[in-house]
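**Student:** Protein chains in written order, with my numbering: chain A, 2 to 485; chain B, 2 to 1200.
Simulated from the structure, these hints should not be mistaken for lab results.
Please note: incorrect hints may appear among the correct ones.
[Said to hold, decoys possible] With a straight-line Cα cutoff of 16 angstroms, these simulated EDC-like cross-link-like pairs (lysine to aspartate or glutamate) come out:
1) A/Lys-23 with B/Glu-701
2) A/Lys-36 with B/Glu-861
3) A/Lys-212 with B/Asp-847
4) A/Lys-264 with B/Glu-701
5) A/Lys-174 with B/Glu-859
6) A/Lys-233 with A/Asp-193
7) A/Lys-174 with B/Glu-861
8) A/Lys-23 with B/Glu-859
9) B/Lys-853 with A/Glu-39
10) B/Lys-853 with A/Asp-40
[Stated by the list, open to error] Covered stretches of chain B (in silico footprint by chain A; criterion: 3 or more residues with CB under 8 angstroms from a CB of chain A, positions within the stretch not fixed):
11) 841-855
12) 897-907
13) 1008-1015
Where a beta carbon is used, it is the ideal one built from N, C-alpha and C, also for glycine.
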Amino acid sequence: MKKILHTIILLFVLGLFNSCEKFLDAPYDNRVEIKDLEDINLLLANAYPMRADVFTEILTDNFHHYATTMQASNGATYIPIYNWEDEFSDAITTATPTHAYSHYYKKVYEANLAIEQLASSGISSLQKDALLGEALLLRAYNYFALVNLFSLHYDEANNATNLGVPLITEVPKGNRELYDRATVKEIYDQIDKDVEEGLALMKKGVSYVPKTPYRFTLASVHAFLSRINLYKGKWEEAAQYADLVLAEKGVIVRKMSEDVARKSSSTEAFWAQEMMNPSIHPNLLLVNQTNLFLCRPFGYRLGGFYLAHNMFYTTPSSDYRSHQFSSGGTVIDSVALVVKYANQPNNPNAAQARYDCFTMEEVLLNRAEATLRKANPDIDKAMADVEAIRKERFSAANYRTLATPANVSEALELVLRERKLELIGQGFRWYDIKRMGIQVEHRMIRTDPKTANILAPNDKRTALQIPIQARLGNPLLDNQLNPR
Amino acid sequence: MHKIKARLTVNDQTLLAMKLTIVLMLSILVQVSGNTFGQNVKLNFKKQRLEIVLNELKRQTGYSFLINSSYLKYANPVSIIVYDEPLGVVLDEIFTKQPFNYIISEKIITINPESVRQDLVVQQKINGRVLDEEGKSIAGVTITEIGTNTSTNSDTEGRFSITIGKPAAVLRFSSLGYLPMDRPAAAGMVVRLVMEDKSIDEVVVTGFQNIDKSKFTGSVSQVDKKNIDRSGSLDVSRMLQGAAAGVSVQNTSGTFGATPKIRIRGNSSISANQEPLYVINGVPITSPANVAVNQLYSGDPASVLGSAIAGLNAQDIEDIQILKDGAATALYGTRAANGVISITTKRGSYNSRDVNLSTAFSVGVKPDIGNFNLMNSNQEMQLYKEMYDRGYLSNANWPNFTGAFTEAYRQLALRNYTLDDAYMELNKSAKANTDWFDVLFRNNLIQEHSLSFSGGGDKHTYYVSGSLADDNGQAVGFGTKRYTTDLRTVFNITPKLDLDINLNWNARDQSTPGTNESKTLASSNYFEVTREFEINPFLYAMNTSRAMYPYQADGSYKYYLENLAPFNILEELKENFNDVKAQEVRLIVRPTYRLTKNLRFDGTYAIRKNNSQISHIVTERSNMANAYRVDYNDVLRNQNSLLYLDPSEPNAYRETILPEGGFRYLWNNWQSFWSVRNQLSFNETFGEHKLNVLGGMEIERTYVDRTYSKAYGYLYYGGKIASPSPLAMVYALNRDDRTYIETFNDRRSAGFYANIQYTFKNRYNFDLSGRQDGSNMFGKMQRSKFLPNYGLGFAWNVEREELFEKWNAAGHIDYLKLRVSHALRGNSFETSPMLNANIINIPRLDRVNTAKGISVLEPELYNLAWEKDYTTNYAFDLSLYNRLTLTAEYYTRKNKDLVVPFNVAQEDGFESKRINFGTMTNKGVDITLGYRNLLNKRDFNWDVNLIYGYVKNELSNGELQSSQLSQITNPLGYAIEGYPLEGLFGFNYSRLNSEGRPLFLGENGEQNGIVAASRDRALVSYLGSRQPLGTGSIANSFQYKGVELRVFLTYSYGHKVFTQPVATRTYDDSGSKSGDLNYRWQTIGDENYTNIPGLLSTIQRTHLGTISNIDETAYNRSDFRAADASNLRVSEILLAYDLGQYFRGRNTAIKNARLMLSANNIYYWSSGRLRGVDPDLYLSGGTSLPNPKSFTMRLTLGF
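Excised from the complex, chain A in its bound form:
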């Protein structure tokens, strides 16, 4: 009797252990378990980074500081940034290097998560290829942003020794992991590898590539490659990839006459909001931001940074682009904003806005520049690209082609001037300054010639310092700061 009883109990307990495991495997709450390709598709839809680097406009020669119309709370954060200093107040938590650093790494994590899930899924299908390609490109895009913000510019001679950013290509699993900075070369090698693989996979699974302007398409990947090669100084490739974009999409640039018409027929706010509407503009890749205003220091009337006077006054009123210069203060102040994303009269906070990642104009300007810098420059071809844009920047009555340049360097000067004007306020000028070694002078008082703070060509400060908040969690970085 006792034996039987004991056996029964033993079996009962053993049976329980087994079923217990199953019982405890049930999901705890309604969080999503990323299982199939559709889940990864959704994960990637939200894995696109915002344009956290738009704030770099105030590091450039596009903007000047105007103390009396700056909201005081902006000063502690943005005046040091404007002066290329390493330390600034973190009272403002968006549109700063601190925000950019953590944001791009968040998106690196999401890309890595998608890559890891796809790798472990064991599925092989065209859709998986398309998704894996997209994830790899996203990772490359994030590292490209990080390395261009926080490292010195790509320089083949010194890439192997120049400090890049920490390189994470897997989902971190440790309790508290610390990371050393990779070199610029290692970062670019990773970018090249990811882009190459990613593009190949996307081409393979092209039928599954989403058709929305908010996710990578072949055209926007080519635009990305054109930019990478331009920044690297690989002119042939930069032009080739631009060709691919134009071959697919045709030379369609923003029709600014329509923009201007919209400005007069509706409100300024509506016009500004529609500036990046993908339904009416030929943009290649966009992000839609619902809660953060990424051009905070220069994007509203009390931001404190306004269009540099040489840009403001040299752009003729017949040029439609001058319509984007919206007066910021009184007549006496003569300050102007560049309205490209949303009109923010005096509120730096939440607003829904669309930001561009790749536009057709940039691709054309990339090609124009590359065409002039490559082994056998073609002035006419480069000028044709510039004119393709300019034609839509004036009314038919006002449009005049530029005088044909006498030599390549003159042509290059024209192209770069056009690039600066066309892309103003979009956060690209800083990279041009870095790669071309342009000297920048910043003054606390615009009219005082003595107070200039000068950023020399190839200044070490073009590599923004690793933010203090990032060093707190990863103390290794304290010994690997950008040299000053």
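Start from chain A and add chain B according to the hints.
**Tutor:** Relative to chain A, chain B alone:
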């Protein structure tokens, strides 16, 4: 009775059904013994159970038997054949073979295990009566003449008569469950026996086993029943304040259903749950909606569902024990890291029948505005004038809100008032002196009625109760009704199988003011809780200008502007309210099967269903709804942030999303719980060795389904339909403000546990417990899924040592026990470490491209493990002269691997990640001292009970890096290494400068101006713990004949709070002003006399705003504004009178009656610097209210 009947019939069908069930149960269960007299009996039994035989005897003779059911298991089978023999002979024959003896007295036969023989010497007959502490008669008390064998016992009315042998005899009164008592014999004597619960010889109910307390090695406190048997507060958890040493209870809100903040032996965790586990009859209970920890004290709508035992009627409780250390709770495993409050409900006793009625009426007392040190309206109006002169108040623009001053100006500007009217209005305001507490609070009436039937036969017992509680609300907008029934029956199905069934149903209807969910925003309020459209009456009464008034002269409402729309608090409380409905059914079935003499099986099977609903209704007439509609001129249209502009419309302007109707928010929770526990226990005695082994498994599941919906354009007065505008839907889409959200929680756990108790020579007790716990929170992570818990204990009954017994020959020391225990318990954090990702909407301006995505909120935490709590307890228990009892304990707790949101490397993708990083220690002392019958008088009894608990908490690791000072100086405390978890930190106030601005001391001396993002630790210093270090109570109980007076005081000390903020950047004319502001800086030179900052000029204000200066917040959170929060409270003064003597003889139906008058929570002493604000109150607004003062009259009747 009538009251209950009326209520029951008025209410819904369910109630009626319940009532019928009760009646039905009664008719089945109640047995009325027949009155057939007869001395001779005939019996024919072969190997029958004793109780069957006794039952037969009872049937034949009409004699009643009193036997403690726990003895029956020792009874031997009876074989007897008698024909027409006298009862005495038959009993003698039966009991010669039993380990019992019997005593016959007045048709009651009491069966005792000791050998007490009747003596037939008759000399003097003494009559008397035995009562319990509450004046109820006690039946079956054995009364023995000391030094002889003469004994008798008391009858059902507690009466006895005994014949004594000596003239100066001393009688000993003893009964199970009561302390034995010796009294000189006297005719007509009345003896009150004291319940044994103060004694050491009691039983510890852990929920898994009942252990003789003398063997128990862990730390447990039994709650004095007097603490629970109180009125005026419907929720039992609130009554635990001061009930046990080391148990700190802060009643943070007086609203029914809100849970008090209970900490057993300090803080055990940084981010995980710190609430104790409630266990009813061995089954863990969670709050009705499994409320998230961060909502418990927030005043959010869900917080009224925070208390796990709100549905428990205090009258149904038999016993509450608080298991404090790891050794005591080891069998509960990971759920019990914060201690266990184990509640046992009442059951009937064998062969008895009792009906108890308790009815209580309590009247609450309004708070007195005089306590709050506020300016009177004249002083306010003078201040407003100064503010007006300095440009604070302007009648040129359209104000967001108006007060006494600006409303008059506004009406004048709108030409609604003439100049004369305006002056009259201002004069009226200056004299208004409105007492908003008088307007918004009332002397509420709380009724508590409870009726129970209990008793049983030989083979079963029953307990059936029903209760109704009704509180009409201490403030406008509040009200609660609660209904409970409890049904417990125990069947002895066979001699080996018992079945204990407990069915409980409770329901409530409650209303509170309309409450939006709170937000903690770093930016807007420096980490303090804020809430939109706050209409909490207490906050309103305290914070509203006394120059404003609620009614016009003609009796109609007086409106001021709030959120740009007309507002009157009384009207708003009617139009914006929460409706809370909850009900719960709980069934616990506990079979016990004795497999062999030593082996026993216990099953505990429980199921609980809980349904709760909170409906927040914002009617179309409410200020909140009207605020959404203010668009009637261009200025207001641009000013009203509640208006919305359709971004896809080229020519859109800002419009209301609520052209008609209001809102309705609905939260529905549906909770299902079940648990299964199977347990085998074995006990055996081998000579001097006693062994108890127990093992079992437990599986449980709690599933909560939550739905939330939001209706735009809800027409409360228009058919209760939602009539949303198209723009509202556009708004909802673009902002992703979802109108429907559904979530669930499925918490599953499984555990295996075992316990070994070994006692050697009846005095060396060893205890070893272990449990392995698993939970589905860890998902696929096998490594962390299970955690072993263990407890080790040793106890030494010193007084049983032979040497000690010799030394203690006089018997002064009744009891001396030393205990030591050590345990590890795990604690689980709040959410799963699995990847926390949700599907989200990604709304885009170009709606064709709107998409869905998956947002990753938290990464998978691969290395996250259980938090560990190592407890060690050293204790001794002492009892002297059968009067003085002392329990003193010293404990340490080391909490390791605490989960902290830590600043990890941002390259991980997250700015902070929860990792096991924190370490914390708690060290403390618990002392319980009881003295019975202090003066040693016959009729006058004075008992004293002192409870003291001290705990020192220190965080040794786990501080967040780089916090802003505004976060560190949070009024609720902040964790910094080397200080308590809830340490209060304040800015170092220095003095006012010549502009009347506060200066603060930093590293380099005085610093002018503190900015919001400041992290300079030199500016702040540690002020003290926010959590009391010492807590406890002092209970004095006096009894004189039928009268009892009890004074119960509770105290807490050693903590600091910030006093109510006085300084603000901008002063308005609608908020109340602290009387301290009368002494503000007004002109240069004042800084030498005052520390209250002055008013600022408009330009200064604007400037300070733009540089993120937070001087005012820093001032309010400075060492200068901190006060000692130590307090002593008169928790209860009770005067009780035994009415039983009046009923005796007149109405035989009434067995006992008692009338009690009590005053609850009527006064407290605390630092005058607190200006009348209760330091324990968390002013979280929303649904919360302070604890009311109340006076209660209560009558209990027993039939």
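**Student:** All hints, please: hold or fail.
**Tutor:** Now the hints, each set against the structure:
Restraint check for A/Lys-23 and B/Glu-701: satisfied, since their Cα atoms lie roughly 14 angstroms apart, inside the 16 angstroms limit. Restraint check: the Cα-Cα separation between A/Lys-36 and B/Glu-861 comes to about 14 angstroms, which is no more than 16 angstroms; the hinted pair holds. For the hint linking A/Lys-212 to B/Asp-847, the alpha-carbon distance of about 14 angstroms falls within 16 angstroms, and the restraint holds. Note on A/Lys-264 and B/Glu-701: the hinted pairing is violated, with a Cα-Cα distance of about 65 angstroms set against a maximum of 16 angstroms.
For the hint pairing A/Lys-174 with B/Glu-859, the CA-to-CA distance comes to about 13 angstroms; that is within 16 angstroms, so the pair holds. At most 16 angstroms may separate the alpha-carbon atoms for a hinted pair to count; A/Lys-233 and A/Asp-193 meet this at roughly 11 angstroms. The hinted pair formed by A/Lys-174 and B/Glu-861 meets the criterion: a straight-line CA distance of about 8 angstroms does not exceed 16 angstroms. About 25 angstroms separates the Cα atoms of A/Lys-23 and B/Glu-859, which puts this hinted pair outside 16 angstroms; it is violated.
Restraint check for B/Lys-853 and A/Glu-39: the C-alpha separation of about 11 angstroms stays at or below 16 angstroms, so the hint holds. Using a Cα cut-off of 16 angstroms, the hinted pair B/Lys-853 and A/Asp-40 holds, with the two alpha carbons roughly 10 angstroms apart. For the stretch 841-855 of chain B, the stated coverage by chain A holds: 12 residues have a C-beta nearer than 8 angstroms to a C-beta of that chain, and at least 3 were required. Chain A is given as covering the stretch 897-907 of chain B, and this holds because 5 residues of the stretch bring a CB closer than 8 angstroms to a CB of that chain, at least three being needed.
Counting residues of the stretch 1008-1015 of chain B whose C-beta lies closer than 8 angstroms to any C-beta of chain A gives 3; at least three are required, and the coverage claim holds.
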